[in-house]
Amino acid sequence: MIASVEWKEGMLFEGRSQSGHTIKFDATDSHASGPSPMEAVLTALCTCTSVDVVSIFEKKREPLAGLMVSANAEQATQPPRVFTRIHLTYRIHGPVTKKAAEDAVALSKNKYCSVSKMLEKAAEVTYSIEYAD
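Numbering-wise (my numbering), the sequence shown opens with residue 7 and increments by one.
Among the clues, some could well be false.
Claimed, not checked - Pairs of lysine to aspartate or glutamate residues, derived as EDC-like cross-links and limited to a Cα-Cα distance of at most 16 Å, are as follows:
1) K127 to E64
2) K105 to E64
3) K65 to E80
4) K66 to E108
5) K104 to E136
6) K115 to E126
If you're looking for bench data, these hints aren't it; they were derived computationally from the structure.
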(Lines of atoms letter the chains of each structure in order from A and count residues from 1; the text may use other names and numbers.)
(Lines give C-alpha, C1' and ligand atoms only; values in the text may rest on other atoms or scores of the structure.)
Protein backbone atom coordinates (compact mmCIF):
# COMPACT_ATOMS: atom_id res chain seq x y z
CA MET A 1 0.00 0.00 0.00
CA ILE A 2 1.29 3.42 -0.93
CA ALA A 3 0.08 6.88 0.04
CA SER A 4 1.40 10.39 -0.42
CA VAL A 5 0.60 13.91 0.61
CA GLU A 6 1.39 17.22 -1.05
CA TRP A 7 1.58 20.52 0.79
CA LYS A 8 -0.76 23.01 -0.88
CA GLU A 9 -0.47 26.19 1.22
CA GLY A 10 -0.40 27.23 4.84
CA MET A 11 -1.48 24.13 6.74
CA LEU A 12 -3.50 22.61 3.90
CA PHE A 13 -2.43 19.30 2.38
CA GLU A 14 -3.78 16.93 -0.25
CA GLY A 15 -3.38 13.22 0.37
CA ARG A 16 -3.53 10.65 -2.39
CA SER A 17 -4.11 6.93 -1.98
CA GLN A 18 -2.60 4.21 -4.12
CA SER A 19 -6.02 3.72 -5.72
CA GLY A 20 -5.98 7.36 -6.86
CA HIS A 21 -8.42 8.90 -4.39
CA THR A 22 -7.68 12.25 -2.80
CA ILE A 23 -8.54 13.79 0.53
CA LYS A 24 -7.86 17.30 1.74
CA PHE A 25 -6.37 17.68 5.20
CA ASP A 26 -6.59 20.93 7.14
CA ALA A 27 -4.24 21.22 10.10
CA THR A 28 -5.49 24.70 11.06
CA ASP A 29 -7.57 25.17 14.19
CA SER A 30 -10.76 25.57 12.13
CA HIS A 31 -10.38 22.44 9.95
CA ALA A 32 -12.53 24.33 7.43
CA SER A 33 -11.16 22.64 4.30
CA GLY A 34 -10.96 19.07 5.54
CA PRO A 35 -10.33 16.88 8.55
CA SER A 36 -7.18 17.07 10.61
CA PRO A 37 -4.96 14.00 10.36
CA MET A 38 -6.20 12.77 13.76
CA GLU A 39 -9.84 13.29 12.75
CA ALA A 40 -9.12 11.20 9.66
CA VAL A 41 -7.64 8.42 11.80
CA LEU A 42 -10.74 8.40 14.00
CA THR A 43 -13.00 8.35 10.95
CA ALA A 44 -10.94 5.48 9.50
CA LEU A 45 -11.52 3.54 12.74
CA CYS A 46 -15.29 4.06 12.49
CA THR A 47 -15.25 3.00 8.85
CA CYS A 48 -13.06 -0.06 9.40
CA THR A 49 -15.23 -1.47 12.16
CA SER A 50 -18.42 -0.61 10.23
CA VAL A 51 -17.20 -2.64 7.25
CA ASP A 52 -16.59 -5.60 9.55
CA VAL A 53 -19.96 -5.38 11.29
CA VAL A 54 -21.95 -5.04 8.06
CA SER A 55 -20.04 -7.97 6.53
CA ILE A 56 -20.66 -10.16 9.58
CA PHE A 57 -24.38 -9.33 9.59
CA GLU A 58 -24.60 -10.18 5.89
CA LYS A 59 -22.88 -13.52 6.45
CA LYS A 60 -25.24 -14.30 9.34
CA ARG A 61 -28.20 -13.17 7.22
CA GLU A 62 -29.29 -10.77 9.92
CA PRO A 63 -31.76 -8.07 8.78
CA LEU A 64 -29.56 -5.02 9.37
CA ALA A 65 -31.37 -1.87 8.22
CA GLY A 66 -28.83 0.73 9.27
CA LEU A 67 -25.61 1.27 11.18
CA MET A 68 -24.00 4.41 12.58
CA VAL A 69 -20.69 4.18 14.40
CA SER A 70 -19.44 7.23 16.27
CA ALA A 71 -16.23 7.70 18.20
CA ASN A 72 -15.44 9.88 21.16
CA ALA A 73 -11.69 10.15 21.74
CA GLU A 74 -9.39 11.68 24.31
CA GLN A 75 -5.87 12.76 23.41
CA ALA A 76 -2.70 13.20 25.41
CA THR A 77 -2.30 16.80 26.58
CA GLN A 78 1.32 17.07 25.42
CA PRO A 79 2.89 16.23 22.05
CA PRO A 80 2.72 13.75 20.57
CA ARG A 81 -1.05 14.10 21.14
CA VAL A 82 -1.85 10.44 20.61
CA PHE A 83 -5.27 9.07 21.42
CA THR A 84 -5.36 7.73 24.98
CA ARG A 85 -9.00 6.61 25.09
CA ILE A 86 -11.54 5.94 22.38
CA HIS A 87 -15.14 4.95 22.93
CA LEU A 88 -17.10 3.65 19.96
CA THR A 89 -20.88 3.73 19.94
CA TYR A 90 -22.64 1.41 17.50
CA ARG A 91 -26.22 2.47 16.72
CA ILE A 92 -27.93 -0.45 15.04
CA HIS A 93 -31.20 -0.29 13.11
CA GLY A 94 -33.25 -3.30 12.15
CA PRO A 95 -34.71 -6.39 13.79
CA VAL A 96 -31.34 -8.04 14.42
CA THR A 97 -30.77 -10.26 17.43
CA LYS A 98 -28.82 -8.72 20.27
CA LYS A 99 -26.51 -11.73 20.32
CA ALA A 100 -25.70 -11.25 16.63
CA ALA A 101 -24.95 -7.57 17.24
CA GLU A 102 -22.77 -8.27 20.27
CA ASP A 103 -20.90 -11.01 18.41
CA ALA A 104 -20.35 -8.86 15.32
CA VAL A 105 -19.01 -5.90 17.27
CA ALA A 106 -16.78 -8.11 19.45
CA LEU A 107 -15.38 -9.92 16.39
CA SER A 108 -14.58 -6.61 14.73
CA LYS A 109 -12.82 -5.24 17.81
CA ASN A 110 -10.99 -8.39 18.82
CA LYS A 111 -10.15 -9.97 15.48
CA TYR A 112 -10.85 -8.12 12.23
CA CYS A 113 -10.48 -4.34 12.50
CA SER A 114 -6.86 -3.55 11.70
CA VAL A 115 -7.28 0.15 12.53
CA SER A 116 -8.58 -0.73 15.99
CA LYS A 117 -5.73 -3.18 16.56
CA MET A 118 -3.17 -0.49 15.70
CA LEU A 119 -4.81 2.13 17.91
CA GLU A 120 -5.09 -0.29 20.84
CA LYS A 121 -1.29 -0.13 21.11
CA ALA A 122 -1.64 3.45 22.38
CA ALA A 123 -5.25 3.87 23.49
CA GLU A 124 -7.89 2.05 25.45
CA VAL A 125 -10.68 1.25 22.97
CA THR A 126 -14.12 0.54 24.43
CA TYR A 127 -17.57 0.30 22.89
CA SER A 128 -21.28 0.28 23.55
CA ILE A 129 -24.21 -0.80 21.40
CA GLU A 130 -27.50 1.06 21.03
CA TYR A 131 -30.53 -0.44 19.34
CA ALA A 132 -32.68 2.03 17.42
CA ASP A 133 -35.57 -0.37 16.85
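Tested hints:
Among the hinted pairs, K127 with E64 is inconsistent with the structure: their alpha-carbon atoms are about 30 Å apart, more than 16 Å. Annotation: proposed proximity of K105 to E64 holds, straight-line Cα distance about 15 Å (limit 16 Å). With a CA separation close to 34 Å, the supplied pair K65 and E80 exceeds the 16 Å bound. As the CA atoms of K66 and E108 are separated by approximately 13 Å, the hinted pair is consistent with the 16 Å bound.
With a C-alpha separation of about 10 Å, the suggested pair K104 and E136 falls inside the 16 Å cut-off, and the hint holds. Annotation: proposed proximity of K115 to E126 holds, straight-line Cα distance about 10 Å (limit 16 Å).
When held up to the earlier numbered hints, the structure conflicts with 1, 3 and fits the remainder.
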